[in-house]
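Participant: Sequence:
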Amino acid sequence: MTSDARTTSVDGLDFKFTGKTEELDRLLMDFRLKKVRDPNLRGDREAQCAYLATAFTGKVMTWFIAAVEHDATLLTNPEVLVAKPQATYGETKKVQDAKDQAKITQIKHTTTVQAFAAEFEVLAEQLC
Numbered sequence: 001m002t003s004d005a006r007t008t009s010v011d012g013l014d015f016k017f018t019g020k021t022e023e024l025d026r027l028l029m030d031f032r033l034k035k036v037r038d039p040n041l042r043g044d045r046e047a048q049c050a051y052l053a054t055a056f057t058g059k060v061m062t063w064f065i066a067a068v069e070h071d072a073t074l075l076t077n078p079e080v081l082v083a084k085p086q087a088t089y090g091e092t093k094k095v096q097d098a099k100d101q102a103k104i105t106q107i108k109h110t111t112t113v114q115a116f117a118a119e120f121e122v123l124a125e126q127l128c
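Numbering-wise (my numbering), the sequence shown opens with residue 1 and increments by one.
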């Protein structure tokens with residue numbers, strides 16, 4: 001018996017979103033990749049919302065439960081479901097730019113020149 005490697009279950013997340021910005025970035029990237037890999041998820045907006053919500057835990061799940069009571073589109077519109085946590089738990093561009101600026105001024109050459117240059121380029125692109 002063979003299985004389709006492109007299709008995975010909605011509860012396939014191996015991490016939880018507790019409200020930390022770096023977790024949100026990971027969740028959103030996982031979501032984008034999941035839609036590319038899974039054609040069944042790509043076309044089902046409610047399944048997309050369910051997939052995202054399975055990662056919520058703790059204060060984020062508490063927020064989600066309360067938010068759904070006021071805005072039912074969180075269960076049917078993945079764009080709304082992505083935008084709300086970004087507004088609530090994401091960093092503003094100004095804060096992220098300040099962090100990137102601090103990183104770029106503190107970057108040190110401790111590995112290869114190529115690794116140093118790559119890290120510098122990533123930070124520089126984020127600031128542009």
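Hints may be right or wrong, so weigh each one.
Said to hold, decoys possible - The list that follows gives simulated cross-link-like pairs (lysine to aspartate or glutamate, EDC-like), each with its CA atoms no further than 16 angstroms apart:
#  : residue 1 : residue 2
1  : Lys103    : Glu121
2  : Lys20     : Asp44
3  : Lys59     : Asp30
4  : Lys16     : Asp30
5  : Lys59     : Glu46
6  : Lys108    : Glu121
7  : Lys59     : Asp44
8  : Lys103    : Glu69
9  : Lys103    : Glu119
10 : Lys35     : Glu22
11 : Lys84     : Asp71
12 : Lys35     : Glu69
13 : Lys84     : Glu125
14 : Lys84     : Glu121
15 : Lys35     : Glu46
Since the hints were derived computationally from the structure, they do not count as laboratory data. On a predicted model such as this, the values are computed, not experimentally measured, just so you know.
Participant: For every hint, state whether the structure bears it out.
Facilitator: Tested hints:
no., hint, result
1, Lys103 to Glu121, "12 angstroms, holds"
2, Lys20 to Asp44, "27 angstroms, violated"
3, Lys59 to Asp30, "21 angstroms, violated"
4, Lys16 to Asp30, "12 angstroms, holds"
5, Lys59 to Glu46, "22 angstroms, violated"
6, Lys108 to Glu121, "13 angstroms, holds"
7, Lys59 to Asp44, "27 angstroms, violated"
8, Lys103 to Glu69, "41 angstroms, violated"
9, Lys103 to Glu119, "10 angstroms, holds"
10, Lys35 to Glu22, "20 angstroms, violated"
11, Lys84 to Asp71, "11 angstroms, holds"
12, Lys35 to Glu69, "27 angstroms, violated"
13, Lys84 to Glu125, "26 angstroms, violated"
14, Lys84 to Glu121, "31 angstroms, violated"
15, Lys35 to Glu46, "13 angstroms, holds"
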